[in-house]
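**Student:** Listed below, chain by chain, are the residues.
Number of protein chains: 2
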Amino acid sequence: MKNLKLKDIASALNISIAAVSKSLKNYPDVSPKTRERVRAYAKSVNFSPNSQAAFLRTRETKLIGVIVSQLTHYFFSTILSTIIEEAEANGYLVIVLPSEESVEIEKKHIATLLQKHVDGIFLTLAKDTYDFEHLNQIVESGTSLILFDNISKVVPCSKVLIDDRQAAFMATEYLIKKGKKRIAHCRGPLIPQLSIDRFIGYKRALEKYHIEYDPELVFVCDKINEEEGYEAAQKIIDMPLEIDALFAASDLTAIGAMHCFQKNGFHVPKDIAIVGFSNWKVSSLTTPLLTTVDQPGDVIGKEVMALFLKEQAQKKAKETIEHQTVTVPTKLIERESS
Amino acid sequence: MKNLKLKDIASALNISIAAVSKSLKNYPDVSPKTRERVRAYAKSVNFSPNSQAAFLRTRETKLIGVIVSQLTHYFFSTILSTIIEEAEANGYLVIVLPSEESVEIEKKHIATLLQKHVDGIFLTLAKDTYDFEHLNQIVESGTSLILFDNISKVVPCSKVLIDDRQAAFMATEYLIKKGKKRIAHCRGPLIPQLSIDRFIGYKRALEKYHIEYDPELVFVCDKINEEEGYEAAQKIIDMPLEIDALFAASDLTAIGAMHCFQKNGFHVPKDIAIVGFSNWKVSSLTTPLLTTVDQPGDVIGKEVMALFLKEQAQKKAKETIEHQTVTVPTKLIERESS
Chain A
12 MKNLKLKDIA
22 SALNISIAAV
32 SKSLKNYPDV
42 SPKTRERVRA
52 YAKSVNFSPN
62 SQAAFLRTRE
72 TKLIGVIVSQ
82 LTHYFFSTIL
92 STIIEEAEAN
102 GYLVIVLPSE
112 ESVEIEKKHI
122 ATLLQKHVDG
132 IFLTLAKDTY
142 DFEHLNQIVE
152 SGTSLILFDN
162 ISKVVPCSKV
172 LIDDRQAAFM
182 ATEYLIKKGK
192 KRIAHCRGPL
202 IPQLSIDRFI
212 GYKRALEKYH
222 IEYDPELVFV
232 CDKINEEEGY
242 EAAQKIIDMP
252 LEIDALFAAS
262 DLTAIGAMHC
272 FQKNGFHVPK
282 DIAIVGFSNW
292 KVSSLTTPLL
302 TTVDQPGDVI
312 GKEVMALFLK
322 EQAQKKAKET
332 IEHQTVTVPT
342 KLIERESS
Chain B
12 MKNLKLKDIA
22 SALNISIAAV
32 SKSLKNYPDV
42 SPKTRERVRA
52 YAKSVNFSPN
62 SQAAFLRTRE
72 TKLIGVIVSQ
82 LTHYFFSTIL
92 STIIEEAEAN
102 GYLVIVLPSE
112 ESVEIEKKHI
122 ATLLQKHVDG
132 IFLTLAKDTY
142 DFEHLNQIVE
152 SGTSLILFDN
162 ISKVVPCSKV
172 LIDDRQAAFM
182 ATEYLIKKGK
192 KRIAHCRGPL
202 IPQLSIDRFI
212 GYKRALEKYH
222 IEYDPELVFV
232 CDKINEEEGY
242 EAAQKIIDMP
252 LEIDALFAAS
262 DLTAIGAMHC
272 FQKNGFHVPK
282 DIAIVGFSNW
292 KVSSLTTPLL
302 TTVDQPGDVI
312 GKEVMALFLK
322 EQAQKKAKET
332 IEHQTVTVPT
342 KLIERESS
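Line by line, the protein sequences are chains A and B.
Going by the numbering used here, the first residue of the first sequence is number 12, and it counts up by one from there.
Going by the numbering used here, the first residue of the second sequence is number 12, and it counts up by one from there.
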């Protein structure tokens, strides 16, 4: 029954195409009997009005494109789940594309989505994106763009983010208040703003409590994965740097470091307290359970969708689009590792 | 520049719409000079031929709908990642929808996707799906249907699965060969075939090695999550059932049980050896690292896409569609918990 057309129904019932069309739209200038015949037949053959033809009239595809760096990351799959759910409740479907942290793939995906005439593109930047021409292209095309998580302040669009600086400050301050004096930091890569902000938050907390900042205690983890956490911990043990706590910019890095410390006979948290960042599912499954900063993916997803719907309403009302930046609050989840 | 039409280009360059269309399609009956002018202009304004209009000619949307139970499950997000990657390489985009293990939501999603005229629907069944009328509807509509993971044998379509019975046999046999004699089993819910098959595999391994099957050692975990694993372990301790090993139908259940045993002073693996199922990311992040059955999501995703492309080619060549069932091999990943 795929792609059945109005004319097929018309010829099956031996009436005009116009009569079929009017019956399906419930127009009054067709007899109730004909209308009922058409609707019953359409139902029996599972006919649905062609959404592509509808697009040619309304200029809306009811499609949204979402680009995240990796689908298998719990934080992103949580955001995606929420966006898909909210989108569906509002009549939109979601095309998902992963950028794998590459700006080239990000550009290619955007071109693909624009060609598909999606109504909106939601995007977290690949970590090596520092030129924003391809994002401005979205804005110029008239498609709504919402940035989330790893955003750029200079792109003229709505944004949803957390206050990374404040969150990292909170995590470090928590360790200081536990009496820790030599706190190492596994930071993310050097470019994206969120990684810089977490590092600044860590540093500011040390400053506030008059603990000297020691650059030797900071490890750059480009992929913030568990292997890099393990390696950083190995260096800490080998030097030895004699730390009493570690704040990592991701849960995976924190867990990698925890494994290394445990394998080398250190007790977590007695010898070394550990705090991660993100509150992935896995942080509640380790031994000991990981203390971490909760970055609520579901709330971020909801805010992204709400901003998009607002922009769509403004477009339809031919009002000026107002860009907004929403900051989602984070909180510290205290578990056993600290 | 959204939704620029051929006629806009024609009027901008002061030539006919036909000349624009022919230039963009590289037809020979238009002068090279005009062709170059049109193509240069189209490029400068970022014009892309309208994919919706293309659909009305080709009857293909180049869209695929994928329905999984939950996006945040590592196994499904791995399958999805691979499908999206392979789809994109072949000119398809993927709409993702989660069924949340509900057959009602599954039905609604299928109706939505059929209305969007997707070229294919890939689906893992919700665990309470036992009536398959809505799946037959996909087949009848002419849209390709591929089932994976939780499949039904009676639906006439291609399928990708693992041999759950054999995989569970392998895991249980491994524990028996380690000298274990009282092996508990956390099984999944009673209905879906994969959960029945894992239970049968466990039972057959016991039979082969003449270990008496004890129904008291089998725990039904409807959601196969960590809480149910924890509860099962608590019952084992409280009775006490004095087991020396546990085979769980999911990694999360295995990890939940492991936590409970550890909290109650049991050593894993010395007192109780544990084997999970799936090889989620988390199984390589626990303490001790979890032994598990690897169910390769990436291979499953690749096979699903390959079957779809084959069916599309058969459709285009107007050949009979041949349905195939592909069984993806599993293997035991030995880590520290056993």
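Simulated from the structure, these hints should not be mistaken for lab results.
Treat the hints with care, as some may be off.
Said to hold, decoys possible - Chain B stretches covered by chain A per the calculated footprint, using a threshold of three residues with CB under 8 Å from any CB of chain A:
| hint | segment |
| --- | --- |
| 1 | 82-88 |
| 2 | 167-173 |
| 3 | 176-183 |
| 4 | 240-249 |
To be verified - Chain A residues, not near chain B, derived (Cβ > 12 Å throughout):
| hint | residue |
| --- | --- |
| 5 | Asp40 |
| 6 | Arg48 |
| 7 | Phe86 |
| 8 | Phe87 |
| 9 | Glu99 |
| 10 | Val231 |
| 11 | Glu242 |
| 12 | Leu252 |
| 13 | Asp262 |
| 14 | Met269 |
| 15 | Val279 |
| 16 | Thr298 |
| 17 | Leu300 |
| 18 | Gly308 |
This one's a predicted model, so the numbers in the text were calculated from it and none came from an experiment.
No residue lacks a Cβ here, since even glycine has one placed at the ideal position from N, Cα and C.
**Student:** Please go over all the hints and tell whether each is borne out by the structure.
**Tutor:** These are the hints, each one checked on the structure:
For the segment 82-88 of chain B, the stated coverage by chain A is satisfied: 4 residues place a CB nearer than 8 Å to a CB of that chain, which reaches the threshold of 3. Using a Cβ-Cβ cut-off of 8 Å, 0 residues of the segment 167-173 of chain B lie near chain A, which falls short of the minimum of three, so the contact claim is violated. With 0 residues having a Cβ less than 8 Å from any Cβ of chain A, the segment 176-183 of chain B misses the three-residue criterion, and the hint is violated. Only residues whose C-beta sits within less than 8 Å of a C-beta in chain A count toward coverage, and the segment 240-249 of chain B has 0 of them, not enough to reach three; the restraint is violated.
Against chain B, the non-interface label of Asp40 (chain A) holds: every CB pair exceeds 12 Å, the least being about 27 Å. Every C-beta of chain B lies more than 12 Å from that of Arg48 (chain A), the closest at about 22 Å, which supports listing it as non-interface. Residue-level check failed: Phe86 (chain A) sits 10 Å from the nearest beta carbon of chain B, not beyond 12 Å. A beta-carbon of chain B comes within 12 Å of the beta-carbon of Phe87 (chain A); the shortest separation is about 9 Å.
Some Cβ of chain B comes within 12 Å of the Cβ of Glu99 (chain A); the nearest lies about 7 Å off, and the non-interface call is violated. A cut-off of 12 Å between C-beta atoms confirms that Val231 (chain A) is not in contact with chain B; the least separation is 22 Å. For Glu242 (chain A), the condition that its CB be more than 12 Å from all CB atoms of chain B holds, with the nearest at approximately 16 Å. The Cβ of Leu252 (chain A) lies farther than 12 Å from every Cβ of chain B, with a closest approach of about 23 Å, so its non-interface assignment holds.
Interface exclusion of Asp262 (chain A) from chain B breaks down, the closest Cβ pair being 9 Å apart, not more than 12 Å. Not every beta carbon of chain B lies more than 12 Å from that of Met269 (chain A), the smallest distance being close to 8 Å; the non-interface claim is violated. Residue-level check failed: Val279 (chain A) sits 10 Å from the nearest beta carbon of chain B, not beyond 12 Å. The claim that Thr298 (chain A) is not at the interface with chain B is violated, since a C-beta of that chain comes within 12 Å of its own (minimum 4 Å).
With a minimum CB-CB distance of about 9 Å to chain B, Leu300 (chain A) fails to clear the 12 Å threshold, and the non-interface call is violated. Under the 12 Å C-beta cut-off, the non-interface status given to Gly308 (chain A) relative to chain B is violated; the minimum distance is some 9 Å.
In summary, the structure is inconsistent with hints 2, 3, 4, 7, 8, 9, 13, 14, 15, 16, 17 and 18 from the numbered list given earlier, while agreeing with the others.
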